[in-house]
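Undergrad: Next come the chains, spelled out residue by residue.
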Amino acid sequence: MPEFNVLVVDDEEDFRDTLVKRLRKRNLDVQGVESGQKALELLDKVRFDVVILDVKMPGIDGVETLQEIKRKKPLIEVIMLTGHGSVEMGIQGMKLGAFEYVMKPADIDGLMEKMRRACKKKFFHEEKIRQTKEP
Amino acid sequence: MASKKHRILQRKIICMALFFAIVPLSSLGLTIYYQFRVAYTTRIMQDLKNMAENRQHTIAIFLKERTAQLSLLVDGYTFNRLKDQEGLEEAFSSLQRHSRSFVDLGVIDADGRHLAYVGPYNLKKQNYRDTDWFNLALVNDKYISDVFMGFRKVPHFIIAVRGWSGDKPWILRATINSEVFDNIVGSAQVGENGDAFIINKEGILQTKPRSGGNVLEQSEYSGLIKAGFGNRVAMKGIGGEKALFATRWIKDKTWLLVIKQSPQHELRPLTIARFISIVVFVGGFFVILLSGFFITRLMMARLIQSEREKAALDDRLIQSSKMAALGKLAAGIAHEVNNPLAVIKEKAGWIQDLLEEEDVANSVNFKEFSDSLDKIDRHVERARKVTHRLLGFARRMEPMNERVNVNRVLDETISFLENEAKFNNIAILTDYFEELPETMSDSAQLQQVFLNILDNAIDAIGKNGEVKIQTTYNSEEKYIAVLFFDNGPGIPEEVQKKIFDPFYTTREVGKGTGLGLSISYSIMEKLGGRISVDSQDGHGTVFTIILPMKKG
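Residue numbers (the working numbering), protein chains in the order written: chain Z, -5 to 129; chain A, 485 to 1036.
Don't read these hints as lab results, they were simulated from the structure.
Please read all numbers here as calculations on a predicted model, not as lab measurements.
Careful, some of the hints might be misleading.
[Claimed, not checked] Distance ranges between label pairs, derived from CB positions: (1) Z/Val40 x A/Pro1032: 53 to 63 Å; (2) A/Lys962 x Z/Gln31: 52 to 62 Å; (3) Z/Val40 x A/Lys1034: 51 to 61 Å; (4) Z/Gln31 x A/Gln980: 48 to 58 Å.
Just so it is clear, CB atoms sit at the ideal spot from N, CA and C, and this is done for glycine as well.
Chain Z with its partners taken away, still in its complex shape (with noise of 0.2 Å):
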């Protein structure tokens, strides 16, 4: 049983692979998408934890499919991947009610910490609400 599920969604394919895999190593359930466009297409299919998600791609951008994401799943977190050219976007991303952003080329000891940090967030949420709900 993986500890979440995840979706990396990034539009460099060696680096996407790579990163899917070691993070599926890392014993958690992983895919990986190039575009904005498949991500959001993927994500009503199938329920996803946390999303990482590259700032600049072709098509839809980083800080676009964020938006698209938060008004479909508010819950899910988004964990934003920049590169120091686009830390701005970083920034303004979280600004847009991203979890937390993460510069290139990333150290993945501290990309799990965040992953599971927002986890946790997104399932104290979910918790909140299901006990809203029961009563």
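We have chain Z; now place chain A onto it with these hints.
TA: Quick look at chain A alone, frame taken from chain Z:
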């Protein structure tokens, strides 16, 4: 300090100024001098001409009067009365009563016999039949001779008047007192060298010139007659000496009155005028030369200064445009390099993950794999730092606008480096301007600049030395200046030019990115300030930060 180009320009301007000043100056001087000369010469000539006319007139009257006196005797006395010695003496004494112009008086008959004579010479027995004057006197009513020796062997001239006794002519002859006549002529000898004399048509002297020569000798000025001098005034060179001559015909154009004036005397005011004009010209020349020199020197100083200012401005413009271009390039490179770096890091991480698999851990080369992965990871990290700093240099982030106390920012910065400085035995001294006002700026970015400079200073000194930080406030031009002095080895001039260029480093490979000062430079530009370096090789370095005073 003036370069060769400036010296040439200065010389050109001076030459041009001299030319445009000297041409009108000299033409004005020459024109005035020339006009003055013409006017003055005309006046001198006129004076000379007047004098000559005056003398001509006087001589003409003198001769006419003397002739008239003799005519009166011829008409008033009878031949018989005058040929008588007593009668002649009476007539002579009546003549002498009016003037002492006559020396003697004689009566001669048609055959040339001297019938009666009154005078100092013993001439009574002389016969004049063969003399030139006598034959001429016989055919003329009145006759005035040229100067001749005659029987008395003394130069003289005579006036003869013809009378008639029946149908036979007789002659009353008188000798003119040469002294009296010479006085009349000589009164025109004015000035120190002025001369006046009479020559006849053959150029024989009739009166004695002041300048030498005797009566009856050929005059050295006889050339005047050949040169066509009649009633004229002109400058003429005779015998190698130039002189002013005024000549008049007298005695029915048989005598020429010559009045001579030396130009040295008469034209002395002209010589003085010429001398004065030359002095004024030379003086003016030097005044113009001097003023030209000083004015152009002043101009050159201004020119050099403005050129220097322009060069400094150009340098700054070039530097900042270079920075902008390099900034864009750096950002592009950083982006492009960063993505592959991320992939490399992930791949290395993945291999690392796989190394934990049991079969690989048992491999003989496991340690080699692990070490290589560590190295890859470390160098990715190193490359990441470079791209990070590159982006920091290129980043177009708006600076914060907060109240900044520069002294406090400096203190903070020093605290970061204190340990490193102490370890290397480097003292960090501060000399703050205590009432330094706060300014609106970005303290974090300022701190980065200060840190870069201090870090470089400590690095440059190595061990044992000191860094002095001084802050000042210029209330007039409203800026804060921070100066960092170090007593390190200094920076050679060719290095100073490149010191703010990105990637320029003097440190060994891997120790420095060469971005610190270029980042500082672009930060200071963004903050509206300036950073500059001044160093003498071997005598330490001063970095100066100028921060504009901005009120919040």
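Undergrad: If a hint holds in the structure, say so; if it does not, say that too.
TA: Results of checking the hints against the structure:
no.: 1; hint: Z/Val40 x A/Pro1032: 53 to 63 Å; verdict: holds, 57 Å
no.: 2; hint: A/Lys962 x Z/Gln31: 52 to 62 Å; verdict: holds, 55 Å
no.: 3; hint: Z/Val40 x A/Lys1034: 51 to 61 Å; verdict: holds, 55 Å
no.: 4; hint: Z/Gln31 x A/Gln980: 48 to 58 Å; verdict: holds, 55 Å
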